[in-house]
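K.L.:
Read top to bottom, the protein sequences are chains B and A. Under my numbering, the residues of the first sequence are numbered 1 to 314, in order. Under my numbering, the residues of the second sequence are numbered 1 to 231, in order.
Treat the hints as calculated values from the structure; they're not laboratory data. Source: prediction; values computed, not measured. Backbone N, C-alpha and C fix where the C-beta goes; we use that ideal spot for every residue, glycine too. Mixed in with the good hints there might be a few duds.
As the list claims (entries may be wrong) - Straight-line alpha carbon distances no greater than 20 Å define the calculated EDC-like cross-link-like pairs of lysine to aspartate or glutamate that follow:
#: 1; chain 1: A; residue 1: Lys218; chain 2: B; residue 2: Glu106
#: 2; chain 1: A; residue 1: Lys224; chain 2: B; residue 2: Asp149
#: 3; chain 1: A; residue 1: Lys218; chain 2: B; residue 2: Glu99
#: 4; chain 1: A; residue 1: Lys217; chain 2: B; residue 2: Asp149
#: 5; chain 1: A; residue 1: Lys217; chain 2: B; residue 2: Glu123
#: 6; chain 1: B; residue 1: Lys124; chain 2: B; residue 2: Asp91
#: 7; chain 1: B; residue 1: Lys5; chain 2: A; residue 2: Glu226
#: 8; chain 1: B; residue 1: Lys156; chain 2: B; residue 2: Glu135
Claimed, not checked - One side of the interface only, derived from the structure: several residues of chain A facing chain B at Cβ under 7 Å:
#: 9; residue: Gly71
#: 10; residue: Ala145
#: 11; residue: Leu173
#: 12; residue: Arg186
So you can see what is in the structure, the chains are spelled out below.
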Amino acid sequence: MNKDKIMEAMDHIDPALVEEAGLELSVAKRGRRGWSRAAVIAACLCAVLAGTAVAVELSGVRIVDIWNNEMRATGPDGTLEEVSSVTISRDIRYFSIDELSQQIMELDQGFTEPAARTFSSWEKMEDFVGIRVMENPVLDEAHSGGTMDVGLPDGKGRFVAHFSPGPGHAADGVTPMDGIVAVRMYGCYSLRSGSPELQPWGGVDITVSAELAIDTENSFLDEMELLYSDDAAAVQETYVTPSGLNVLISKTEIPEQEGGSVPSPAVDWYTAYFTLDGIFFRISAVDYKDFNGGNIPAGLVEETLKEVLDGFVC
Amino acid sequence: MALLFWYIAVLGKDRGKYYRRRRNQRGGLAVFIGESRFSWNLTNLEVIGLTDEELLGLYFARSEEAIRATGMVYGPYCRAIALRILDSEEDAEECLADVWLRVWNAVPPERPEHFKGWLGVITRNQALTLLRSRERRPRQADEAALELALSLSGAPEAELEARELGRAVSAFLAGQPERNRGVFLRRYWYGDTVEEAARWAGWSLSRTKSALFRMRKKLKDYLKKEGLYHE
Chain B
1 MNKDKIMEAM
11 DHIDPALVEE
21 AGLELSVAKR
31 GRRGWSRAAV
41 IAACLCAVLA
51 GTAVAVELSG
61 VRIVDIWNNE
71 MRATGPDGTL
81 EEVSSVTISR
91 DIRYFSIDEL
101 SQQIMELDQG
111 FTEPAARTFS
121 SWEKMEDFVG
131 IRVMENPVLD
141 EAHSGGTMDV
151 GLPDGKGRFV
161 AHFSPGPGHA
171 ADGVTPMDGI
181 VAVRMYGCYS
191 LRSGSPELQP
201 WGGVDITVSA
211 ELAIDTENSF
221 LDEMELLYSD
231 DAAAVQETYV
241 TPSGLNVLIS
251 KTEIPEQEGG
261 SVPSPAVDWY
271 TAYFTLDGIF
281 FRISAVDYKD
291 FNGGNIPAGL
301 VEETLKEVLD
311 GFVC
Chain A
1 MALLFWYIAV
11 LGKDRGKYYR
21 RRRNQRGGLA
31 VFIGESRFSW
41 NLTNLEVIGL
51 TDEELLGLYF
61 ARSEEAIRAT
71 GMVYGPYCRA
81 IALRILDSEE
91 DAEECLADVW
101 LRVWNAVPPE
111 RPEHFKGWLG
121 VITRNQALTL
131 LRSRERRPRQ
141 ADEAALELAL
151 SLSGAPEAEL
161 EARELGRAVS
171 AFLAGQPERN
181 RGVFLRRYWY
191 GDTVEEAARW
201 AGWSLSRTKS
211 ALFRMRKKLK
221 DYLKKEGLYH
231 E
């Protein structure tokens, strides 16, 4: 179709629509819930969190709210549980869908349900998405880790991309929107493989998650909430890599869980949060300590996590 | 003459609010009413407050105030459209003079339901006609049209008329969320840059680009579904 025909066709647009678009609209601002108030609350609560080192201001990721021992419906059945939470604000970039690959743009059409794809390597996943999200020689050298399972068809493997749709606004009387709101890329790696001190685990498993936010009607991904069950002890600290990447590391000590068909061991769960070029990263590692006959030296998992963080090229 | 009396009755009733506004601001009322109602010398204050119905009433009464009043109420809007296409103050003035003449000749018998949008359509059409007569092309509007044309690349039905396409686009837009269709029209009808359309909607640039991209795709799908487009 040529542009002259388009120009001519525009002469026949309904004047009611033309008039509507000719009206000035008030500027809708993206909500940032109680930012300064929350920052103050966070700063105050830092003082009362025993044994917790909290940095309120970090480059890329900030803690904006902390709640302790709050009753929340955490399960799908609405069961109330006492939890603590840390809300973090993320300086993320909202990508335009046409900045991503042709495959993603095609997937975006009429996209209403979550979907996943598996890949044989991180690079192939990046090719599919259409963006190089990270450069990390430490991960390039790492061995194959476990597998990620996002609970969707084609969503189980070492490298998985998960696509989230927007929730829509049907309740507000607005047409529910379709389209991809976020692309989450997962990669599973293993470091220190073969180290005798890591038997029977074989290595330290590291899970990398990179999240690309897509600019849509529902672009409210600036904040996320980290939930901790009441029996977990969470500690947050800041870590600055040699290349200047500011990272928020959360260490959660989860006690042994009795009951259920499979007992859960006591573990220390480390997760590092940061943004790089507007992309939100979550790097996780689990210290199983002495579970299943293992005897992982204290601090080794945290040290390995920081080794991976140091490998990120800014 | 009957039409003139009808108009006076309607205008007199509706214009009460303008008189009151004037009285509140300045005090005196009686002389002003007598002069303006029967001589048609509307003050600027009154003109700016006229509704579309009242403006159209002036045309139906064949009052020469109609053109001045329309120019005062919708002149800036029409001038902005003309300037966007013509990129010249002088040409825009010439275009507007033609627009007012066209409106004068069209109303009556026509009584546009959406007078402002209708004026916008006439202005855009007149500006493009003027530009073509000078063998120039509208730079910004051209870029926007090209962007939309490329997304509809392929061969639509050969016999598809611009009018039919315009109606189909209207029907498609009517089913879209208000701000999305607004952004679409700001870009492809008013010829805004993407940045200007983003500012109009209060959206970020990337969100606006995403919305436009998705709207173009949806439009293509809509035209296919309606049997108006074949690849």
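K.L.:
State for each hint whether it applies.
P.N.:
Hint check:
1. A/Lys218 / B/Glu106: holds (12 Å)
2. A/Lys224 / B/Asp149: violated (38 Å)
3. A/Lys218 / B/Glu99: Status holds; Cα separation ~18 Å.
4. A/Lys217 / B/Asp149: violated (32 Å)
5. A/Lys217 / B/Glu123: Violated. A/Lys217 to B/Glu123 sits at ~28 Å, over the 20 Å cutoff.
6. B/Lys124 / B/Asp91: Given pair B/Lys124, B/Asp91 is violated - Cα atoms ~26 Å apart, limit 20 Å.
7. B/Lys5 / A/Glu226: With Cα atoms ~18 Å apart, B/Lys5 and A/Glu226 stay inside 20 Å; holds.
8. B/Lys156 / B/Glu135: Roughly 24 Å separates the two Cα atoms, so the pair is violated.
9. Gly71: Not OK, violated: A/Gly71 not within 7 Å of chain B, min 16 Å.
10. Ala145: Result: holds, 4 Å to nearest chain B Cβ.
11. Leu173: holds (6 Å)
12. Arg186: Holds. Min distance 6 Å.
Checked against the numbered hints given earlier, the structure breaks hints 2, 4, 5, 6, 8 and 9 and satisfies all the rest.
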